[in-house]
Amino acid sequence: MVLVFIDIAEDGSVKKTALEALSYGAALAKQLNVAAEGLVLAPVTEDLSALGQYGVTKIHQVKNEALQHFDAQSYAKVCAAVAEQTGATVLIFSHNTSGKAIAPRVAARMKAGLVAGAVALPETSNGFIVKKSVFSGKAFADVSVLTTVKIISINPNSFKVEGDANGSAEIVDADIAVDAPLIKTISTSKQSGEVPLAEAEIVVSGGRGMKGPENWGILEDLASSLHAALACSRPVADAHWRPHNEHVGQTGGAIAPNLYIAVGISGAIQHLAGVNRSKVIVVINKDPEAPFFKAADYGIVGDLFDVVPKLTEAIKQL
Amino acid sequence: MKILVCISKTPDTTAKIAFTDNNTKFDAGSVQWIINPNDEYYALVRAIELKEADSSTIVHLVTVGGADTDAIIRKALALGGDEAIRINTECADSFSIAAQIAAVAKEGNYDLIFTGKETIDYNGSAVGGMLAELLDLPYVSLATKFELNGNAATVTREIEGGEEICEVSLPVVVSCNKGMAEQRIPNMRGIMAARTKPLKVVEPAAVEPLTSISEFSLPPAKTGVKLIDADNVAELARLLKEEAKVI
Ligand SMILES: Cc1cc2nc3c(=O)[nH]c(=O)nc-3n(C[C@H](O)[C@H](O)[C@H](O)COP(=O)(O)OP(=O)(O)OC[C@H]3O[C@@H](n4cnc5c(N)ncnc54)[C@H](O)[C@@H]3O)c2cc1C
Ligand SMILES: Nc1ncnc2c1ncn2[C@@H]1O[C@H](COP(=O)(O)O)[C@@H](O)[C@H]1O
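Residue numbers (this note's numbering), protein chains in the order written: chain A, 1 to 318; chain B, 1 to 247.
Calculated directly from the structure, the hints in this document are not laboratory data. By construction, the Cβ of each residue, glycine as well, lies at the ideal position given by its N, Cα and C atoms. Please note that the accuracy of each hint is not assured.
Stated by the list, open to error - Which residues of chain B face chain A? A partial, calculated answer using Cβ under 10 Å:
(1) Asp-93
(2) Ala-99
(3) Asn-187
(4) Lys-226
To be verified - Pairs of lysine-lysine residues, derived as DSS-like cross-links and limited to a Cα-Cα distance of at most 30 Å, are as follows:
(5) B:Lys-200 x A:Lys-160
(6) A:Lys-63 x A:Lys-15
(7) B:Lys-226 x A:Lys-279
(8) B:Lys-226 x A:Lys-111
(9) A:Lys-279 x A:Lys-294
All chains should be modelled from the sequences, with the hints used to inform the complete structure.
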């Protein structure tokens with residue numbers, strides 16, 4: 001059985017990355033001719049049975065006060081216990097902030113091989129081999145999992161959400177003991193209304209060519225016309241023009257949106273490392289020699305202060 | 001207070017990524033090696049800051065790797081830290097690295113273990129969590145701020161589209177993300193001092209890897225950029241919608 005960890009946001013909604021994980025888990029289960037089931041630990045506000053549309057037949061739900069707040073240690077213990085109880089042979093996580101915290105713990109606990117950051121379904125005709133992103137997006141590695149139980153965390157935006165509106169999953173209460181978390185959550189803060197960068201399908205990113213934080217209005221307008229998240233280059237975050245969580249690249253976040261629009265960014269190799277898995281890259285730069293054009297699909301050589309507002313207008317006209 | 005900082009070596013960020021032996025090995029040919037930036041800028045510098053705030057604090061560095069890792073660990077010692085431990089074995093997979101570090105960590109009785117948020121070559125973001133599980137300690141991942149208050153810590157960590165502040169008592173394993181500290185440049189005094197700091201080489205524990213890499217590949221090259229005239233911006237919007245179908 002393939003067991004999918006369903007990641008729940010702080011407001012109780014099912015994260016988009018969880019739908020990707022469900023779709024991936026269901027496709028893998030089909031390939032292996034086994035069932036796909038889900039696991040929910042955090043409090044939810046959505047109707048879980050509707051997640052059956054993504055191909056899971058059953059969802060194990062552990063309801064416990066102690067799981068109110070995320071704690072990698074207690075969550076991992078429960079995941080491993082459910083996996084053992086249900087005889088799961090493959091566990092699927094998203095390689096997002098929760099998955100990065102729990103999946104390695106579950107792997108070490110169950111002595112199960114982990115492929116972190118998978119970008120495709122496993123090759124199962126001869127062994128169990130999963131392609132993952134390495135060298136910060138500059139290459140891929142085929143990783144053989146050598147253990148009976150396998151754990152895969154999939155990169156956000158690398159697997160399409162696919163559902164059939166008719167499916168419905170059976171919800172079962174899993175009776176599992178839960179330890180009180182050793183970590184006490186004090187507060188969580190979210191930039192409300194914004195699209196989380198790692199999950200965003202479109203990202204608008206600004207570099208030093210923006211000249212200063214006061215000029216970000218034009219990027220915000222472009223982003224809102226596209227329902228996009230904002231990102232930036234490292235010097236922009238270092239200069240505190242933008243918050244650190246928007247920094248992408250080798251030492252910042254790695255993203256793989258459908259569309260990445262780079263504005264006033266030269267395209268240094270360390271920047272490209274975090275964004276070159278984007279499906280389509282648009283570069284707006286006044287320097288025709290900017291290295292970013294070599295990694296781009298579409299480009300405009302021009303003054304961003306002139307081009308960006310025009311692009312926003314053109315998109316609104318579509 | 002005793003802190004252990006996990007240091008790994010990675011190819012320089014500008015290194016050409018190529019493979020040999022039928023694409024089964026990284027071509028290290030002319031590659032320059034550096035301290036994994038996440039380990040250096042965020043984990044190591046924050047540990048040094050904690051030592052500067054309380055001089056009784058002891059900072060140990062640990063790395064899993066062969067003798068060719070010594071140059072990197074000396075570079076790390078030049079930034080700070082009291083001594084380094086190198087576990088003398090080639091890295092097999094995240095789990096075996098974590099298991100090797102766990103063996104050293106158990107002996108050292110550390111209050112605090114820092115890792116980087118991920119290696120920039122393997123991109124697992126996994127060793128810290130595995131290490132925490134093997135030591136049965138709490139784990140705060142992707143920490144952007146870390147403040148000590150006595151025997152506990154207040155840590156800010158990244159979550160999707162925001163952050164979370166939590167409290168945890170020591171000992172704890174923390175993976176360090178941008179925001180924890182700022183990059184430092186080693187000075188001459190540090191470099192001189194690093195030469196005489198102890199670098200202990202210990203033999204590895206018996207650990208079997210759980211995964212292995214069978215082959216590497218490179219992403220397909222871009223076919224070339226389509227340039228649109230700056231006077232015809234609307235054409236770009238049209239192409240994105242009708243040709244690329246991404247908006
Ligand atoms: C170890 C290491 C790790 C690093 N990690 C990262 C990382 O994670 N992410 C990252 O981004 N960088 C990283 N860097 C830094 C990287 O090397 C570059 O210095 C950085 O990406 C440059 O940022 P930028 O493109 O915004 O600025 P610049 O290189 O200064 O480029 C600005 C661009 O804006 C253009 N421009 C200026 N004015 C206009 C205008 N009016 N209209 C249109 N275009 C204009 C210019 O032509 C230029 O191409 C790292 C470096 C090192 C050594
Ligand atoms: N060979 C190693 N020796 C010591 N620490 C390591 C090693 N490999 C990884 N680490 C630590 O574990 C973190 C996460 O690595 P990874 O799981 O590969 O992304 C790194 O940032 C390091 O702090």
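Hint check results:
1. Asp-93: holds, 8 Å
2. Ala-99: Cβ of Ala-99 of chain B sits 8 Å from chain A, so the hint holds.
3. Asn-187: With Cβ-Cβ at 21 Å, over 10 Å, it is violated.
4. Lys-226: holds, 5 Å
5. B:Lys-200 x A:Lys-160: Given pair Lys-200 of chain B, Lys-160 of chain A is violated - Cα atoms ~49 Å apart, limit 30 Å.
6. A:Lys-63 x A:Lys-15: holds, 18 Å
7. B:Lys-226 x A:Lys-279: holds, 15 Å
8. B:Lys-226 x A:Lys-111: Cα-Cα ~49 Å, so violated.
9. A:Lys-279 x A:Lys-294: holds, 15 Å
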